[in-house]
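Take the sequences, apply the hints, and build the full model.
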Amino acid sequence: MTTDNSIEVSGVQCQSCNGTVVAGDRFCGHCGKEVLSNPESPPVQSDVIQTLAPTLVYYFVTLVLLAAYKLTDIFPPGFKGLAIISGIDVIFVIAFWAFYFKELRHLFSLNGLRLGLMSLTIVCAAIAGIMVTGLANIIQFSIQDDVFYSTYLFEDTSTPFLWAVLFICVQPALFEEVTFRGFLFSNLSKVTSAGSAIYITGFIFGIIHLAVISMLWLVPLGLIFAFMRMKYNTLWYGIAAHFTYNFVITLIDFWA
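Going by my numbering, the residue at position 200 of the sequence shown is 1052; the numbering climbs one at a time, nothing skipped.
Please keep in mind that the hints were generated in silico from the structure rather than gathered at the bench.
As the structure is a computational prediction, the values presented were derived from the model and not from experiment.
All C-beta atoms in this analysis are idealised placements derived from N, C-alpha and C, irrespective of residue type, glycine included.
Careful: at least some of the hints might be erroneous.
To be verified - Below are the BS3-like pairs computed for lysine-lysine, each with C-alpha atoms no more than 27 Å apart in a straight line:
#, residue 1, residue 2
1, Lys1042, Lys1083
2, Lys954, Lys1083
3, Lys954, Lys1042
4, Lys932, Lys922
As the list claims (entries may be wrong) - Estimated spans, in silico, between C-beta atoms of each pair:
#, residue 1, residue 2, range
5, Leu987, Gly930, 41 to 51 Å
6, Phe951, Asn1085, 19 to 29 Å
7, Arg966, Gly930, 36 to 46 Å
8, Pro906, Ala1108, 33 to 43 Å
9, Leu1026, Arg966, 16 to 26 Å
10, Leu1018, Phe960, 12 to 22 Å
What follows is the structure, encoded as C-alpha cells:
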C-alpha cells in the first residue's frame, strides 16, 4: 500500500469518533480528541481544551487585570497602582509556577549553559533596546507609556532607579518568561508542534501588553525568546535577553 503524508492515510483512525486522521496529527480534526499511536493505551489528555484549560484561565484573568489597570481607574494612580497590579501578577504566576514545577524545573538548570552564547544574547538584546528606543523617538512614541509602566512612576520614591529596575526589568524578565516561555509554551507543545508554539506564544506576548504600536517590536522579541527556549531547552537565555532589553530602555529613559 502506498501512502502520501499530504493526504489522509487509511488505517489511522481516531479512537473516539473513528474518523480518518491526517498522518502526523496528534489530534483528530473531526472531534478534537487525542489520537493514540497504540489504540490499547489509555488517553493521556481527553481533548485540546482540557490540556490548555489552566493556561487559558491564567491568561484570561491576567488580561482582565491588565485591562482594568490600564483602561480604568480601579487601581490607584502612580507607583501604588503599579505595585498592586505587579504584586497580584507575581502571586498568580508563583501559583501556576508551583503547579507546573516538576514540568518546568529543567528549564532552570544551569547545566549546558554556554558563556559565549549568553554574552552574545546580552549584547544583541542591548542593541535591540537601543534600536527600538531610536525608532520610538523617530515616530515620537513613548515605549514605556504604552506598556503599563514609565519611569515617572518612580519619581517620588526614595530610590527611583532601583525601583524602576525591579519593576521594569527584573519582574517582567523573570515572571513573563516563566509564563510565556514556561507553562504556556509547555502546554501548547502538548497539542501542537514546537514551531506553532513559538508563533502562538510570540503573538500572545505582544497582544497581552495591550499595546498596538509596540507590537511592532514586542511580537518579534516574543518569537526570538520562544525560539531560544525551544532550541536550548532553557529559560535563562530569554531571561537574560528580556532583562537586558528592558534595562537598556530604562537606562536611556533616565538619562534622557
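Given a hint of 19 to 29 Å, does the C-beta separation of phenylalanine 951 and asparagine 1085 actually sit inside it?
holds (20 Å)
Verify the CB-CB distance for leucine 1018 and phenylalanine 960 against the hinted window 12 to 22 Å.
holds (20 Å)
Given a hinted range of 16 to 26 Å, is it respected by the beta-carbon distance of leucine 1026 and arginine 966?
holds (21 Å)
Note whether the CB distance of arginine 966 and glycine 930 lies within 36 to 46 Å or breaks it.
Holds: the Cβ-Cβ distance is about 42 Å, inside 36 to 46 Å.
Does lysine 1083 lie within 27 Å of lysine 1042 when you go C-alpha to C-alpha?
Distance ~17 Å between lysine 1042 and lysine 1083 Cα, so the pair holds.
Indicate whether the distance between the beta carbons of proline 906 and alanine 1108 respects the range 33 to 43 Å.
holds (41 Å)
Is the straight-line distance between the alpha-carbon of lysine 954 and that of lysine 1083 27 Å or less?
The hint holds at about 20 Å.
Lysine 932 paired with lysine 922 [C-alpha distance capped at 27 Å]
OK: lysine 932 and lysine 922 at ~14 Å, within 27 Å.
Next pair to validate is lysine 954 with lysine 1042; report whether the Cα-Cα distance is within 27 Å.
OK: lysine 954 and lysine 1042 at ~16 Å, within 27 Å.
How does the Cβ-Cβ distance of leucine 987 and glycine 930 compare with 41 to 51 Å: does it lie in that range?
Given a distance of about 28 Å, which is not inside 41 to 51 Å, the answer is violated.
When held up to the earlier numbered hints, the structure conflicts with hint 5 and nothing else.
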